[in-house]
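Let's have the full structure, built from the sequences with the hints guiding it.
Each chain is listed here by its residues.
There are 2 protein chains.
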Amino acid sequence: MGASAIREILKVVSRPGMVSLAGGIPSPQAFPMELMAELTASVLERHGETAFQYGTTEGYMPLREALVGYLHTLGIESTAEKINITSGSQGTLDGIAKILISPGDVIAVEAPTYLGALQSFNPYEPTYAQIETDADGVIPESMEEVIRKSRPKMVYLVPTFQNPTGRTIPLERRKQIAQIAIRTNTLVIEDDPYGQLRYEGEFISPIYPFAPDHVIYCGTMSKVFSPGLRVGFNLAPALLAEWMVKAKQGVDLHTSSFSQALAAEFLNGGHLARHIPKIIDLYKPRLNALVQAMEESLPDTYTWIKPDGGMFVWAEGPEDLDAVALYAVATQHYNVAYVPGTYFYAKPGSGKNTMRLNFTMADEATLKSAVGKLGEAIRTT
Amino acid sequence: MGASAIREILKVVSRPGMVSLAGGIPSPQAFPMELMAELTASVLERHGETAFQYGTTEGYMPLREALVGYLHTLGIESTAEKINITSGSQGTLDGIAKILISPGDVIAVEAPTYLGALQSFNPYEPTYAQIETDADGVIPESMEEVIRKSRPKMVYLVPTFQNPTGRTIPLERRKQIAQIAIRTNTLVIEDDPYGQLRYEGEFISPIYPFAPDHVIYCGTMSKVFSPGLRVGFNLAPALLAEWMVKAKQGVDLHTSSFSQALAAEFLNGGHLARHIPKIIDLYKPRLNALVQAMEESLPDTYTWIKPDGGMFVWAEGPEDLDAVALYAVATQHYNVAYVPGTYFYAKPGSGKNTMRLNFTMADEATLKSAVGKLGEAIRTT
Chain H
2 MGASAIREIL KVVSRPGMVS LAGGIPSPQA FPMELMAELT ASVLERHGET
52 AFQYGTTEGY MPLREALVGY LHTLGIESTA EKINITSGSQ GTLDGIAKIL
102 ISPGDVIAVE APTYLGALQS FNPYEPTYAQ IETDADGVIP ESMEEVIRKS
152 RPKMVYLVPT FQNPTGRTIP LERRKQIAQI AIRTNTLVIE DDPYGQLRYE
202 GEFISPIYPF APDHVIYCGT MSKVFSPGLR VGFNLAPALL AEWMVKAKQG
252 VDLHTSSFSQ ALAAEFLNGG HLARHIPKII DLYKPRLNAL VQAMEESLPD
302 TYTWIKPDGG MFVWAEGPED LDAVALYAVA TQHYNVAYVP GTYFYAKPGS
352 GKNTMRLNFT MADEATLKSA VGKLGEAIRT T
Chain R
2 MGASAIREIL KVVSRPGMVS LAGGIPSPQA FPMELMAELT ASVLERHGET
52 AFQYGTTEGY MPLREALVGY LHTLGIESTA EKINITSGSQ GTLDGIAKIL
102 ISPGDVIAVE APTYLGALQS FNPYEPTYAQ IETDADGVIP ESMEEVIRKS
152 RPKMVYLVPT FQNPTGRTIP LERRKQIAQI AIRTNTLVIE DDPYGQLRYE
202 GEFISPIYPF APDHVIYCGT MSKVFSPGLR VGFNLAPALL AEWMVKAKQG
252 VDLHTSSFSQ ALAAEFLNGG HLARHIPKII DLYKPRLNAL VQAMEESLPD
302 TYTWIKPDGG MFVWAEGPED LDAVALYAVA TQHYNVAYVP GTYFYAKPGS
352 GKNTMRLNFT MADEATLKSA VGKLGEAIRT T
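First to last, the sequence lines map onto chains H and R.
In short: position in the first sequence from 1, add 1, done, that's the working numbering.
In short: position in the second sequence from 1, add 1, done, that's the working numbering.
Errors might be hidden in some of the hints.
Where chains are identical, the list cannot tell them apart; a pair therefore holds if satisfied intra-copy or between any two copies.
Once the Cα atoms are required to be at most 35 Å apart in a straight line, the calculated DSBU-like pairs of lysine-lysine come out as [unchecked claim]:
| hint | residue 1 | residue 2 |
| --- | --- | --- |
| 1 | K83 | K374 |
| 2 | K348 | K154 |
| 3 | K369 | K12 |
| 4 | K12 | K83 |
| 5 | K154 | K353 |
Calculated directly from the structure, the hints in this document are not laboratory data.
These figures come from a predicted structure and were not determined experimentally.
Dropping the structure here:
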């Protein structure tokens with residue numbers, strides 16, 4: 002399975018004095034802590050023993066029912082019975098991997114792609130095919146070519162505010178991707194953890210409604226409520242959903258009942274709609290501060306596209322940049338950390354001149370100072 | 002992976018009017034509900050945002066530290082760093098399966114054994130070798146013979162108040178099992194969910210202390226605190242522990258932080274020692290009532306050994322009994338359910354004349370009435 006490169010990197014990151022742009026997690030300031038006493042009391046009062054008892058593997062019905070309304074706001078029509086709860090999105094990805102991947106199977110992924118997904122897939126020994134991307138994410142023609150050439154078991158995508166690039170696939174391309182999935186009878190995994198974190202521009206429909214028989218939609222409460230509760234969910238074609246539930250039974254029986262009840266109270270209390278603007282108010286100025294600092298402090302040879310949402314900015318240095326070597330200098334001598342972009346590619350050696358910068362975990366002044374130090378590190382190497 | 006037989010059976014069990022001896026779960030009356038408001042408030046006050054944030058895959062340190070003291074009461078000396086948290090015991094079993102089982106590998110199990118363990122193992126396509134048991138559980142000579150003949154990847158045991166038989170392996174046999182594990186360099190999985198539920202007799206040491214380099218000890222908060230929180234833990238040889246953590250990263254990143262913080266508060270508040278006697282006061286009369294009703298209502302051709310603890314009584318009918326056929330009659334015409342024992346054998350067709358009766362989910366009067374009906378069902382077939 003191999004150790005996670007990010008995991009190793011984060012060991013350096015926790016060194017005292019380090020300012021980290023390497024994070025991949027939400028700010029605790031984005032959690033609705035002011036509601037938690039009320040929500041936990043509601044769980045005890047309304048759900049009582051049920052919140053502490055074994056539950057069904059499919060998930061806690063009050064949460065599944067609440068998610069019907071949430072998905073409706075995304076343009077996804079569903080029923081509670083079709084929504085299955087998992088232990089974070091990671092739980093969905095593990096379930097998919099467990100039921101579908103045999104050693105040697107091909108999975109098509111974006112170049113670059115989300116590392117955590119590969120960690121879920123890798124124990125089942127797949128191989129990867131990379132789909133080319135541009136500023137608008139996945140290039141449909143490349144996806145179709147990869148499908149025709151390597152007949153992947155599935156295509157894994159993070160279409161909105163992707164991790165690591167922050168890029169969002171526009172509506173027209175989403176429809177094309179759905180058409181390709183249908184035409185080639187290919188399964189698409191649509192992982193959507195960041196969709197609600199939009200700071201600019203208009204909502205774009207998920208791919209799922211355009212090809213519901215060919216897409217597994219993966220959602221999570223981690224970025225809009227609390228990651229520590231480990232509550233994710235998915236919508237999958239019926240047969241796959243059934244097998245994923247059977248697989249999950251052997252993995253953890255079910256997701257924490259208390260976590261599910263708490264998420265249900267959060268949704269049913271109408272708190273989500275009131276809370277998301279607060280998250281945006283926290284993160285949007287941080288994104289702006291990061292990008293402004295990059296404009297001020299990074300050499301002209303560095304380029305990036307400011308994302309409309311999410312948690313990351315992706316930067317490309319000059320072609321001869323070795324961002325792993327720069328990382329060593331930046332962390333050792335300038336106390337600033339990021340994630341070298343090469344780690345996000347399924348194909349080793351790709352993207353050596355790229356880096357992922359996170360803006361959710363530090364305030365504006367810290368971001369400005371961190372990017373300033375990064376600029377210094379770049380100029381000395 | 003196959004559907005769970007118990008799962009299918011439980012569909013009938015939930016029919017209105019059914020009295021079920023088929024359950025495998027704790028009574029909600031055994032949860033310390035009177036403490037939950039205090040404990041959740043403590044989590045918010047003392048752990049705050051940490052209880053809602055991502056955590057390390059190994060587990061939440063305050064819980065791991067609290068478990069050092071708990072394990073000490075079992076005669077297991079450990080450090081917090083050696084204890085890893087999983088999403089229920091099931092999470093430990095899945096981790097073991099994921100890192101160790103290749104298709105065709107042999108796993109040695111008790112005959113009969115815990116079905117949920119097989120559900121964790123089955124997706125990885127092992128084969129099973131059955132170890133013979135008697136009234137004292139696993140027969141060491143049979144275990145050694147199975148090891149020599151089939152070189153199993155591991156031996157899976159529930160040594161105390163086993164599910165489904167309720168049997169407990171005596172101390173002397175435990176030492177023999179440890180010696181065999183060491184001598185043959187075989188890994189033993191010691192699953193211990195029921196050890197604290199002792200209604201008679203003296204505490205018996207787990208196998209782990211006798212062969213710590215050859216045993217993975219699996220514990221859980223499910224039977225002594227709350228199963229719905231999905232908090233389990235394990236102690237494993239260092240290399241296996243390391244790989245299990247890596248595997249878990251891809252499965253769910255980590256177990257619910259809130260659940261872990263709640264379990265830590267329960268242990269650190271000294272509640273466990275006060276709460277276990279309450280569970281015993283609830284279950285012990287139920288066990289007594291069940292066994293007394295069996296003596297009164299079941300034919301002389303039925304035999305059983307009253308267990309000293311746990312949640313189950315195992316009954317054997319006459320040799321020609323088909324307990325699956327009887328199940329159909331009992332549920333359809335007498336509204337009483339149990340689990341046919343044959344489902345607990347790795348080797349299909351074994352134990353056709355056996356049944357598992359649960360006593361935690363019904364009060365004494367209900368248990369008496371249910372066994373009376375079961376007796377009627379038996380006499381009509």
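Item to check | Alpha-carbon proximity context of K154 and K353, limit 35 Å | outcome: So K154 and K353 pass the 35 Å test inside one copy only (28 Å; across, 41 Å).
Problem - Within, between, both or neither, where K12 and K83 count as close if Cα-Cα is 35 Å or less - result: between (40 Å within a copy, 19 Å between copies)
Alpha-carbon proximity between K369 and K12, which holds within one copy, between copies, both or neither at 35 Å: For K369 and K12, the Cα distance is within 35 Å only inside one copy (23 Å; across copies 59 Å).
Next on the checklist: Reference check for the pair K348 and K154, CA-CA at most 35 Å: within, between, both, or neither?
Outcome noted: For K348 and K154, both the intra-copy (18 Å) and inter-copy (33 Å) Cα distances are at most 35 Å.
task = Please work out whether the CA atoms of K83 and K374 approach to 35 Å or closer within one copy, between two copies, in both situations, or in neither?
result = neither (49 Å within a copy, 38 Å between copies)
Hint 1 from the earlier list is the only one contradicted by this structure; the remaining hints agree with it.
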